[in-house]
Amino acid sequence: MAIDWFAIAPEIALTVTALLVLLADLNLRGDAKQLVNPLAAFGTVVAIVFTVLLWGEERTTFGTSFVVNEYAVVFKLLFLGSLLAILGISWRFFAEGRYFQGEYYFLLLTAFIGMLIMPSARDLLLLFVALETVSIPAFVMAGLRKRSLYSSEAALKFFLIGVLSVALMLFGISMVYGFTGTTDLAGIAAAISAAGDPEPLLLASVMLVIVGFGFKISAVPFHFWAPDTYAGAPLPVAAMLAVASKAAGFAGLIAIAFIAFEPLAEVWAPVLGVLAILTMTLGNLVALQQRDLIRLLAYSSVAQAGYMLIPFGLARSGADGAVVNEAAVQAVLFYLVAYAVMNIGAFGVAIAVNRRTGLRSIADYAGLSARSPLLAMALTVFLLSLGGAPPTVGLWAKFAIVQAALTDVTPFGVVLMVFLVFNSVIAFFYYLKVVKTMWMDEARELDVQLQPGFNLSTVVAVLMIGTVVLGVLPGLISGATSLTSLVAAG
Amino acid sequence: MDPNTAGWALVVALFLPLVGAGALAMMPSSMDRQIRQAGVVITGVAFALVVAITASFDFGRSGELQFTTDVAWITAIDARFELGMDGISLPLFFLTYLLPFLCAIYTTKHLPSPGKPKAFLGLMLMLQTGMAGTFVAFDLVLFFIFWELVLVPMFFMIGMWGGSKRDYASVKFFLYTLFGSIFMLVAFLAIYFQAGASTWSIQALSEMAPFGSTTFQTWAFLGIFLGFAIKVPMWPFHTWLPDAHTEAPTVGSVLLAGVLLKMGTYGFIRIALPILPEGAIRFAPLIGILAVIGIIYGSLCCLAQTDVKRLIAFSSVGHMGFVMLGIAAMNEAGIQAALFGNIAHGVITGMLFFLAGSMHERYHTREIAVIGGGMLKKLPRYGVVFTFVAVASLGLPGLAGFWGEFAAMWAAINPGLGIADTYSGLYLGLVIFAAIGTVLTAGYFLWLLQRINLGDPLEKWAKEPLDDIMTIEWVSWTPLLVLILALGIFPVLIFGVQDAAVANLMGYLGG
Numbered sequence: 000m001a002i003d004w005f006a007i008a009p010e011i012a013l014t015v016t017a018l019l020v021l022l023a024d025l026n027l028r029g030d031a032k033q034l035v036n037p038l039a040a041f042g043t044v045v046a047i048v049f050t051v052l053l054w055g056e057e058r059t060t061f062g063t064s065f066v067v068n069e070y071a072v073v074f075k076l077l078f079l080g081s082l083l084a085i086l087g088i089s090w091r092f093f094a095e096g097r098y099f100q101g102e103y104y105f106l107l108l109t110a111f112i113g114m115l116i117m118p119s120a121r122d123l124l125l126l127f128v129a130l131e132t133v134s135i136p137a138f139v140m141a142g143l144r145k146r147s148l149y150s151s152e153a154a155l156k157f158f159l160i161g162v163l164s165v166a167l168m169l170f171g172i173s174m175v176y177g178f179t180g181t182t183d184l185a186g187i188a189a190a191i192s193a194a195g196d197p198e199p200l201l202l203a204s205v206m207l208v209i210v211g212f213g214f215k216i217s218a219v220p221f222h223f224w225a226p227d228t229y230a231g232a233p234l235p236v237a238a239m240l241a242v243a244s245k246a247a248g249f250a251g252l253i254a255i256a257f258i259a260f261e262p263l264a265e266v267w268a269p270v271l272g273v274l275a276i277l278t279m280t281l282g283n284l285v286a287l288q289q290r291d292l293i294r295l296l297a298y299s300s301v302a303q304a305g306y307m308l309i310p311f312g313l314a315r316s317g318a319d320g321a322v323v324n325e326a327a328v329q330a331v332l333f334y335l336v337a338y339a340v341m342n343i344g345a346f347g348v349a350i351a352v353n354r355r356t357g358l359r360s361i362a363d364y365a366g367l368s369a370r371s372p373l374l375a376m377a378l379t380v381f382l383l384s385l386g387g388a389p390p391t392v393g394l395w396a397k398f399a400i401v402q403a404a405l406t407d408v409t410p411f412g413v414v415l416m417v418f419l420v421f422n423s424v425i426a427f428f429y430y431l432k433v434v435k436t437m438w439m440d441e442a443r444e445l446d447v448q449l450q451p452g453f454n455l456s457t458v459v460a461v462l463m464i465g466t467v468v469l470g471v472l473p474g475l476i477s478g479a480t481s482l483t484s485l486v487a488a489g
Numbered sequence: 000m001d002p003n004t005a006g007w008a009l010v011v012a013l014f015l016p017l018v019g020a021g022a023l024a025m026m027p028s029s030m031d032r033q034i035r036q037a038g039v040v041i042t043g044v045a046f047a048l049v050v051a052i053t054a055s056f057d058f059g060r061s062g063e064l065q066f067t068t069d070v071a072w073i074t075a076i077d078a079r080f081e082l083g084m085d086g087i088s089l090p091l092f093f094l095t096y097l098l099p100f101l102c103a104i105y106t107t108k109h110l111p112s113p114g115k116p117k118a119f120l121g122l123m124l125m126l127q128t129g130m131a132g133t134f135v136a137f138d139l140v141l142f143f144i145f146w147e148l149v150l151v152p153m154f155f156m157i158g159m160w161g162g163s164k165r166d167y168a169s170v171k172f173f174l175y176t177l178f179g180s181i182f183m184l185v186a187f188l189a190i191y192f193q194a195g196a197s198t199w200s201i202q203a204l205s206e207m208a209p210f211g212s213t214t215f216q217t218w219a220f221l222g223i224f225l226g227f228a229i230k231v232p233m234w235p236f237h238t239w240l241p242d243a244h245t246e247a248p249t250v251g252s253v254l255l256a257g258v259l260l261k262m263g264t265y266g267f268i269r270i271a272l273p274i275l276p277e278g279a280i281r282f283a284p285l286i287g288i289l290a291v292i293g294i295i296y297g298s299l300c301c302l303a304q305t306d307v308k309r310l311i312a313f314s315s316v317g318h319m320g321f322v323m324l325g326i327a328a329m330n331e332a333g334i335q336a337a338l339f340g341n342i343a344h345g346v347i348t349g350m351l352f353f354l355a356g357s358m359h360e361r362y363h364t365r366e367i368a369v370i371g372g373g374m375l376k377k378l379p380r381y382g383v384v385f386t387f388v389a390v391a392s393l394g395l396p397g398l399a400g401f402w403g404e405f406a407a408m409w410a411a412i413n414p415g416l417g418i419a420d421t422y423s424g425l426y427l428g429l430v431i432f433a434a435i436g437t438v439l440t441a442g443y444f445l446w447l448l449q450r451i452n453l454g455d456p457l458e459k460w461a462k463e464p465l466d467d468i469m470t471i472e473w474v475s476w477t478p479l480l481v482l483i484l485a486l487g488i489f490p491v492l493i494f495g496v497q498d499a500a501v502a503n504l505m506g507y508l509g510g
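Line order of the protein sequences matches chains A and B. For what it's worth, numbering that gives the first Met the number 0 labels the leading residue of the first sequence as 0, then goes sequentially. For what it's worth, numbering that gives the first Met the number 0 labels the leading residue of the second sequence as 0, then goes sequentially.
Warning: the hint list may mix true and false statements.
In silico BS3-like cross-links for lysine-lysine, where the CA-CA straight-line distance does not exceed 27 Å [what the hints assert, rightly or not]:
no., chain 1, residue 1, chain 2, residue 2
1, A, K145, A, K32
2, A, K432, B, K171
3, A, K145, A, K156
4, A, K432, B, K164
5, B, K459, B, K108
6, B, K376, B, K108
7, B, K108, B, K462
8, B, K115, A, K432
9, B, K171, B, K115
Simulated DEER-style distance windows between Cβ atoms [unchecked claim]:
no., chain 1, residue 1, chain 2, residue 2, range
10, A, Q33, B, D69, 52 to 62 Å
11, B, T470, A, V417, 47 to 57 Å
12, B, F80, A, S151, 49 to 59 Å
13, A, V408, B, T74, 19 to 29 Å
14, A, L52, B, F80, 29 to 39 Å
15, B, L299, A, L284, 29 to 39 Å
16, A, P410, B, V474, 56 to 66 Å
17, A, Q450, B, L465, 45 to 55 Å
Because the hints were derived from the structure by calculation, they are not lab data. Even for Gly, the Cβ is constructed at its ideal location relative to N, Cα and C.
Input sequences plus hints: build the corresponding full structure.
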């Protein structure tokens, strides 16, 4: 079996980088250890170059289980872009805190290797391996603040819930294999349609497989780990979990839902639709109560996952569902890109404020506009975008979801829209609360100067400009996401 | 400028304030005076450009779109950057450039705490682009963007420079309006898919109308109705307005009353009616009933107010009720009346909010009982101007307020598009109640004048050295005072411009 080395070049580039980082960390001493960060960034750029070269290619390798097409490339670029941003916001945070930097960067890169595999995987086993490659380094990273009990609690909670859901998922996978005799996604779809009426046990195993990804995207009721883990983990790790790891979960969910279990869409679509409603409503309602910015962002990211689940609730099986499914996948993809830009940005500002001062409660952001107007403005843009106000990319993300829902109107689609509307308004309430605190409340006396540093400032500035530019010209990414076709790879 | 080719002029006028806001942001905060002067210059240049556009507007063809721009924008969803203006847009567009100019002049002298003219003027300029864009955008997506763009600067304006309850008022304003506009967005998308023509162009969709079943039209209209009715605001969606108006700084209230509320009625006339005519006809009686409830309710609330600014805010509910009554009439005279009422209310109520702001500057209170009368003796010029504007607002013939209300009632007696066949009794009743509303309106304004203007000044004010109208106030107010008189004597200034455009619109409605 010949391996198409070019197709897996981005993954190889990251793997080599991860090993180099570990080696470099062994040989560097003291302050020089922070140089592993630019090394990791360089490796990421190399991976990005390979990925860009893969644009427009249609390649399969390892049998048919690893596919590179435009859909996968868009996801990989999303992951690598996020990685670059996270490296930017990590540098000072880890260099100044007392962390083991080499280990952190190695684990980070490893997790991203798993993410890169995720959108290309077309086999249940490969998907499982990818999911675990993302999860296991993340368990460790969540506990990197070794001297903090919260961090240990974060890691433990994350680990236990993660392992439980993965066990359920593996159980589901084994039963799906028992029913269909294959782990190939397209093969499963063919076997299910050929079998006619599905057995109840098969439906149950489908649900079990979905549970595994429900954990990764922190959908209700598998979301319990998210707020505690985000709050306890080092902030750049929280950003990674909230954005990249969640996007990876969605990549996997899209693959199993729209390829393997597409013939059963009538069964899982309502389930995921109801999960979407629960996830966004619960996330938003709990976020209203938060006094800590990180926890607020955590619950907001739960709610955002709910919005992204809406298109799954619209899915339909068979040929007449193809148009809706296509629109649904594109809406999720667009939302993920927008979400990555604005959420990493919001975490970036939180890190800038937190790093020197240790502040994280929303009340501490009072008067940020006077202390650091640019950071305040950036956070305002990100929060407004998360809410979906123009002229930011967040508006178009919501627009894409509504568009998908109205491609073919169903009563359930209308219900989902109504929940989306109400939730958007609720969400604005707490986003505005933060904005209001920054601009309108009296500042507290603070003697510590905020020094975000060059890398962090650049990342935040680029993301802020990106949020607004994409808000005016969403065609820059919707052009790419609407071109991509998942089905072509199926 | 040739109105057929000079689309650039409209684009420049539209984005000039936004660019100006960027330029202001570059200036150091310490240059307080220069920033305020720059604000006047930017809004002044923009206003001059709009005067030039108005002068070269081809009034003979006011029914057609002029100064058009139409370029591809977001190809993935077929949204286009489509601008233009006809006789319906022009007066509102003009007002959107006049009022901020006057506000900028006013701000050179008056700015509530915490000062920060850079941020204040920057937000005002952003707001201006959003408002102006709403009136000239002819693509539903573009319209929606401009519509929503208004929320953020207004939120900050109320929240940072507002009164004591500004936190509550600013969030309420934002969430309330947002709630309506998301339903509106859903309705827009539904229209797009139902039409199936891959276009968001308001013109094209109006020409294709009616499409879809009556059920579709009803639901889509309901979505759009929520968005626009909240903005107008119609009773019972008005509750954000008294809070927002009362807490907003003077300039914010002027722009809210003067332009922002007009976006709602404009939306009804430009989008909801022509694209969803069947839905509009089904909803017309409901709109009429809510409008008249608004008139009566607004007036009764005014009678109960003790705060001058809150009273003026509630009077807006009543006046916008007349505008909506004109729309509910669904005939040419009604639409004309609604559009005229829009402009008249913008000018008069904008002016009233200027006056309320200046009153607060002098007395440091807006409580009618604390001010306690005698303004004509204490501040004679101010008292006369206040009387003049209040009388205009209550609809005295010969001043601007009269024509919109009178014509709306006149039009509603005989509603168009077959509504008269089933609902003539209802509409007659509506007109009767609206007429009672005019009496109540006259009642509360005259009572207000009696309590504030007449009598002797209270002892504590008698010795207080209070300034009468200052030069800067004369400069920023005179254009509005002249307009109030001019529109009252020559209503054709507005009616004439709109005539062809409204006739065009009625063509879409099949009337």
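Now the hints, each set against the structure:
no. : hint                        : result
1   : A:K145 x A:K32              : holds (19 Å)
2   : A:K432 x B:K171             : holds (12 Å)
3   : A:K145 x A:K156             : holds (15 Å)
4   : A:K432 x B:K164             : holds (15 Å)
5   : B:K459 x B:K108             : holds (26 Å)
6   : B:K376 x B:K108             : holds (25 Å)
7   : B:K108 x B:K462             : holds (24 Å)
8   : B:K115 x A:K432             : holds (21 Å)
9   : B:K171 x B:K115             : holds (24 Å)
10  : A:Q33 x B:D69: 52 to 62 Å   : holds (54 Å)
11  : B:T470 x A:V417: 47 to 57 Å : holds (55 Å)
12  : B:F80 x A:S151: 49 to 59 Å  : holds (54 Å)
13  : A:V408 x B:T74: 19 to 29 Å  : holds (24 Å)
14  : A:L52 x B:F80: 29 to 39 Å   : holds (34 Å)
15  : B:L299 x A:L284: 29 to 39 Å : holds (37 Å)
16  : A:P410 x B:V474: 56 to 66 Å : holds (59 Å)
17  : A:Q450 x B:L465: 45 to 55 Å : holds (51 Å)
Every hint from the earlier list agrees with this structure, and none is contradicted.
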